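Novice: Assemble the complex: chain A is given as a structure, and chain B must be docked to it using the hints.
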Amino acid sequence: MTGKPKLYYFNGRGKMESVCWLLAAAGVEFEEEFLETREQYEKLLQGGFLMFQQVPVVEIDGMKMVQTRAILSYIAAKYNLCGKDLKVRALVDMYIGGTDDLMGLILLFPFLSAEDKEKQLAVTVQKATSRYFPAYKKVLKDHGQNFPVGNNFSWADVHLLEAILMVEEKKSDVLSGFPQSQAFKTRISSIPTIKKFLEPGSQRKCVPDDKYMETVRRVLHMYHNVKAN
Amino acid sequence: MSGKPKLHYFNGRGRMEPIRWLLAAAGVEFEECFVETKDDLTKLKKDGSLLFQQLPMVEIDGMKMVQTRAILSYIAGRYNLYGKDLKERALIDMYVEALMDLNELLMSYPFQPADKKEQHFANVVDKTTNRYFPVFEKVLKDHGQDFLVGNQFSRADVQLIEVLLMAEECKPDILANFPLLQKFKARISNIPAINKFLQPGSQRKPPQDEKDVPKVLKIFY
Chain A
1 MTGKPKLYYF NGRGKMESVC WLLAAAGVEF EEEFLETREQ YEKLLQGGFL
51 MFQQVPVVEI DGMKMVQTRA ILSYIAAKYN LCGKDLKVRA LVDMYIGGTD
101 DLMGLILLFP FLSAEDKEKQ LAVTVQKATS RYFPAYKKVL KDHGQNFPVG
151 NNFSWADVHL LEAILMVEEK KSDVLSGFPQ SQAFKTRISS IPTIKKFLEP
201 GSQRKCVPDD KYMETVRRVL HMYHNVKAN
Chain B
230 MSGKPKLHYF NGRGRMEPIR WLLAAAGVEF EECFVETKDD LTKLKKDGSL
280 LFQQLPMVEI DGMKMVQTRA ILSYIAGRYN LYGKDLKERA LIDMYVEALM
330 DLNELLMSYP FQPADKKEQH FANVVDKTTN RYFPVFEKVL KDHGQDFLVG
380 NQFSRADVQL IEVLLMAEEC KPDILANFPL LQKFKARISN IPAINKFLQP
430 GSQRKPPQDE KDVPKVLKIF Y
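Protein chains in written order, with the numbering used here: chain A, 1 to 229; chain B, 230 to 450.
Just to be clear, a hint being listed does not mean it is correct.
[To be verified] Here's a subset of chain B near chain A, in silico, CB distances under 7 Å, partners left out: (1) Lys275; (2) Leu279; (3) Leu280; (4) Phe281; (5) Val295; (6) Ser302; (7) Tyr303; (8) Ala319; (9) Met323; (10) Asp355; (11) Thr358; (12) Pro363.
[What the hints assert, rightly or not] 16 Å max Cα-Cα, derived EDC-like pairs, lysine to aspartate or glutamate: (13) B:Lys316 with A:Asp173; (14) B:Lys447 with B:Asp269; (15) A:Lys15 with A:Asp101; (16) A:Lys138 with B:Asp276; (17) A:Lys15 with B:Asp330; (18) A:Lys4 with A:Asp61; (19) B:Lys316 with A:Asp61; (20) A:Lys78 with B:Asp314; (21) A:Lys15 with B:Glu326; (22) A:Lys64 with B:Glu326; (23) A:Lys117 with A:Asp210; (24) A:Lys64 with B:Glu317; (25) A:Lys87 with B:Asp290; (26) A:Lys185 with A:Asp173; (27) B:Lys356 with B:Glu366; (28) B:Lys274 with B:Asp290.
Just so you know, these hints were derived from the structure itself, not from any lab. None of these values were measured; they are calculated from a predicted model. From the three backbone atoms N, C-alpha and C, an ideal C-beta is built for every residue, glycine too.
With the rest of the complex left out, here is chain A (with noise of 0.2 Å):
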């Protein structure tokens, strides 16, 4: 046993990737077990691995921890990426909440026809710049600080950063409006920890393509059509 995090997902990016960034930005080294069959969660199932048949799971001091928000939430309490105190942590808590559900948008994607894939790019894009972007705006403005949240990196800034990065895919214009935004988006970029997850080899994983649509369906047997919400 190497001590280090072991990640259980599909080689890609779904739930499991914002438990890489956060592990990336805190400085944490992991290792991933890419699920490509069937055979493979049904392993994992049998094995116990699935408290409640889902992954993600992540193999975490001792713990075999499943529900992304529960992961993220436990990585960021334990490397100082949460807040110092209760008032500080309701503040990121709210801007986590935010930028997963922009994020869960996105997250569906890979498995709507086409014609509702443009409609979801739409709302996508139309919640970005006028609910998720604007109320980030607001904080940066009104605190000029470095980070938005009680003036210390925190997950809130990693989650935000890769809420950008995610939309900015999608429609590669779509800061424009946002100025204090592009300029967090710089900084934060430029952190180390999170300059070298942004770089070509990292654990860091592409956009979505049909490969990773069909081992998810394979895997869990998911065949029927996914609506957008």
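Specialist: Same frame as chain A, but now just chain B:
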């Protein structure tokens, strides 16, 4: 200003109900401001009260908190319902996230279009009895303690009892194969703060009446 938390939501369960449960379990009195029309919601949006233009919103300790999970975590932390250390918190979070997934399934049932209701109901019963309840039954069996985590009352217990009761409303015999969950339900219901919340006249909201669904949807869409 009364100093009591103030909840802004429509007069129904929705996503605010777990927050009502947790405040009640913590013995914290709270006030409610009901959003009844789209105009009420627009007013809250316009005065900058809603960080992401969404409800729930809870005014608490000088903050206007949004995002259900953030609100629940804050209340749990503030009132010592979050375990004694990081590992207990991790376990509580795992249970609570799963219960929120199940709550979402149960809570959204009345809002399903007529042609999707039967399938949704079947999915709810399947997930409840095959994915979620067996886990909690086993947790209670394995440690033989009164509470889910760390032999101490926590938000996980509050969220579990809320879900058990909602599931029973959906299908009255749904706990038939889960004797320990039945005992848990009885035991937690007897905790004074919980017992009080379960009495008529408390701030607990009734199951969503389907005939009110269009009115609720009009506020938000």
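Novice: Does the structure break any of the earlier hints, and which numbers would those be?
Specialist: 1, 2, 10, 11, 12, 13, 28
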